[in-house]
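Assemble the complex: chain Y is given as a structure, and chain G must be docked to it using the hints.
2 protein chains.
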Amino acid sequence: MRGLTMDFPLTLNAIFRRAELVFPRREIVTRRLDRSLHRYTIGDCSQRTRCLAGALASLGVHPGDRVATLAWNQREHQEAYFAVPLMGGVLHTLNLRLHPDELAFIVNDADDRAAIVDESLLPLWNKVAPRTKVRQTIVIAQAGAPLAPRPDGSVEYETLIAGGAPFREQEDPDERSAAAMCYTTGTTGKPKGVLYSHRGLVLHTFGVSLSSGVNVSEADVVLPAVPMFHANAWGIPYATTMLGAKLVLPGPHLDAASLVELIERERVTIAAGVPTIWLPVLRHLDQARVAHDLSSLRQVVVGGAAMPQATIEAFEKRHGIRILHAWGMTELAPIGTTSHIPPEMADADDHVRFQQSAKQGRPVPFVEIRARNEDGLVKWDGRTMGELEVRGPWIASAYYNRDDCGDLFTDDGWFRTGDIVTIDERATVMIQDRAKDLIKSGGEWISSVALECALMGHPAVAEAAVIPVASAKWIERPLATVVLKPGVSASADDLRAFLAAQFPKFWLPDAFEFIDAIPRTSAGKFQKSELRSRFKDYQVA
Amino acid sequence: MRGLTMDFPLTLNAIFRRAELVFPRREIVTRRLDRSLHRYTIGDCSQRTRCLAGALASLGVHPGDRVATLAWNQREHQEAYFAVPLMGGVLHTLNLRLHPDELAFIVNDADDRAAIVDESLLPLWNKVAPRTKVRQTIVIAQAGAPLAPRPDGSVEYETLIAGGAPFREQEDPDERSAAAMCYTTGTTGKPKGVLYSHRGLVLHTFGVSLSSGVNVSEADVVLPAVPMFHANAWGIPYATTMLGAKLVLPGPHLDAASLVELIERERVTIAAGVPTIWLPVLRHLDQARVAHDLSSLRQVVVGGAAMPQATIEAFEKRHGIRILHAWGMTELAPIGTTSHIPPEMADADDHVRFQQSAKQGRPVPFVEIRARNEDGLVKWDGRTMGELEVRGPWIASAYYNRDDCGDLFTDDGWFRTGDIVTIDERATVMIQDRAKDLIKSGGEWISSVALECALMGHPAVAEAAVIPVASAKWIERPLATVVLKPGVSASADDLRAFLAAQFPKFWLPDAFEFIDAIPRTSAGKFQKSELRSRFKDYQVA
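Taken in order, these protein sequences are the chains called Y and G. With the first letter of the first sequence counted as 1, position 412 gets the number 717 in our numbering; the numbers rise by one all the way through. With the first letter of the second sequence counted as 1, position 206 gets the number 511 in our numbering; the numbers rise by one all the way through.
So that you can see chain Y by itself, here it is in the shape it has in the complex (with noise of 0.2 Å):
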């Protein structure tokens, strides 16, 4: 028997209808790139979402198109966000920090019809263009951006909305429309593109707004520091849309002096970005010869890779930031998990405290995990490893225009997430490895990533990453590359003997070299495939 009750569609058009009603005076702040900033409302920005969105329609795209954005995260970026799905198009946010092939490459799988491009990036997108077939640039001009041809038949953003009839209501679209697209770029194989559902989105809103996933409200002051092309920025472009909380944008100024200053000026509540951010602001903090005033801030999210439990400790500790670490991967939209203290767990001493913000948590509502090794599905023991598996109703189920992946999914519909996890009892998932970096050392996994966030916690360690090496005995050994801190210094047999305390003894790297850089990928995480090959000749007993 069918329910009795609306067939309402779920759509990034009811958020954005939402917002311009119920928040029109709430403000969205910019930096921009010559430093200053831009205020405006919730309201002003709507107007221009529906001239921008009545302007794309007018320029020829059409329902379905993908219209590309190369831009920081900026009021423009934000009025894409929606104007694209608003009038039926597909968002595709390209990273700008991806190699001009790579960027190339993205384009044309995706088919671009048009592009809005921040001035400041037309030297990037200038080695892009020419190779795809987009019709039409959109430039965001920006005072302070480098010279820069613009391309053939680029119009100016505000010129186009200026000209543009404002989209008006229609029927909402299908919520099983594609509303957004990001592409993941691996260490390995081709870029693969994740191709979002209106629906996906939206449930992913709830989740992300949710107590259990980041907990905006209204009140709120969230500052993405988390790139606007990465993932959606991690939905929080829309979670603050839909409860109306204020929006603080840094522009291309990620660096911790900015960052804290943005903070500090706009009372910001919540800000997100992975470690790479977040380091120096730690370090910014430490060495501030006067008093930041951050006490607005009541929770730093922080995702895309691991951040060591001794830097939470430090930032919670020294500054009395909390940080919530969360998982999430692009294929999910991106957030899976969230790692917020179980009530049972509130009283607990800091150590325990602290080990269980270090973990990647709980799924958030509607995401759903197992794991499995060679033996089937693990025990949820906080113990046994296994590759985890998710789905949930905005989870990929496939990448756009590639028909190779399916061993990416399980043959009940599972997406294999390619992490090398534990699950204890409780549900927290604890990441050990990429199954690509795991190191199995005769027959045994090691997890490569909890030595390397052990030794991020050694005083003189900078950063640390581990990866196998060839070992005639045990197959794979863990060998540890080192950066050590200005100044400060530490021996491999200080290393091995700091890490002794925690681990197995077969668990400990028989080598450590130290080096002036861990190499990064264009996300900022470690790029261990550059490791791996500048140490493949490596040999261990």
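In short, the hints are calculated from the structure, not lab data. Do not take every clue at face value.
Which copy? The list can't say, so a pair holds if one copy fits it or any two copies do.
Said to hold, decoys possible - Below, computed lysine to aspartate or glutamate pairings styled on DMTMM-like, alpha-carbon distance capped at 25 Å:
(1) Lys622 - Asp654
(2) Lys684 - Asp477
(3) Lys741 - Asp708
Source: prediction; values computed, not measured.
Then chain G, alone, in the frame of chain Y:
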């Protein structure tokens, strides 16, 4: 173009699975009929729920069959909330305050197959069951219940689940299939059945759980004083399960002393119920000789009828208890709006804040609102009255088994609430009246609710209800019926003068009648139809 997102249905099954896996140790507390407290965990509850689901199937309940409940807020009711939909059935909660005639009509209209009945309610059920086709009565034994014969073919709840093969996971149902049903009993016409889909209830759970809804988190301890037989207890049983909050069920003990004691003992953080539950609580707290420690209570959610501003103020100023006004209807599953203070008013003076709190508030995400009067859709100016119309993904699209209710929906599919409201430029809804209670005086609309709420702010007034009476000159004029507090007095002139300070002259009641009590419906609301018939021959100039 369709998005590439998993086709993962939104079902109560998924909420149940989540709680079972993530929050197995979280507590559920029930106060039983004999006043003893029963405690167990979500893990225990889940196991018993699976047994109940399995047992119902073995009793011959088929997918789509309606299973009635006649019970208090107690753990077995919580078990049924999930067990019935889990095995494909439709949970049909019966209002134990109704007359047996009405209940018999409802049970027959819904064609209930089985009923789960608390032993204390057998005297009522025995008047209903013989007039229905219910084949199976499942009796929840209750120490202290009055002796009552058991219907033929009845089985004990505990016996049933002890013998049930636990329900095993199978494919989740279609999200649009029916999961629950509740009858709305207006003061006119036959009761009408609202049939909730899994999808609608899941999305409502998201809406309730959000910061802009009731704002539920895992750390909360939630006491629904609103009955589980009344509009899904406002979605609380689903929300606490999805988020792992502790649930405290008061059983049949809804008197002020029992509620206060339970809140204090269990450190309740959120309590919810109609104003008629909370008014005695206020008196109890005012008169308490020993101070109660209700410091855990961060929010009392009030809906079902308007709570007067003076009462909201009294709770906060005298006892530090914040009231969250909410508005809803059975047809909305039931939550539509909540009266959170917008951030820009957070620092406003008390008067402004309490005035805002006393309104019904702004819509929760995905509930859309508009209001209409004889001239069409009304402006959101906070002054123009119109009938509130709503739409959204958890709102009824029709009534069960009725094809004569077409006029309750607009041609474009919005639900006509029958509430006369104003909407302001922040989307704040303020109920002025039920459409049928509105006083139409010489072409102008007068809000009976506004007058009542103001009267109830007078120190001598316990309760007041305002109804229209015939006027030769104005067609209708307001008559105020007033219940004075014991031991104090006020004249009609006193009250008129009190109102004159707040309302235009033509709103002031032409007459005041002092009565012993305001008649109430089974849901505890003022039954104005009875007052109107009592004063039907009243005539003013």
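Against the structure, the hints come out as follows:
no.: 1; hint: Lys622 - Asp654; result: within (13 Å within a copy, 36 Å between copies)
no.: 2; hint: Lys684 - Asp477; result: between (44 Å within a copy, 23 Å between copies)
no.: 3; hint: Lys741 - Asp708; result: within (22 Å within a copy, 61 Å between copies)
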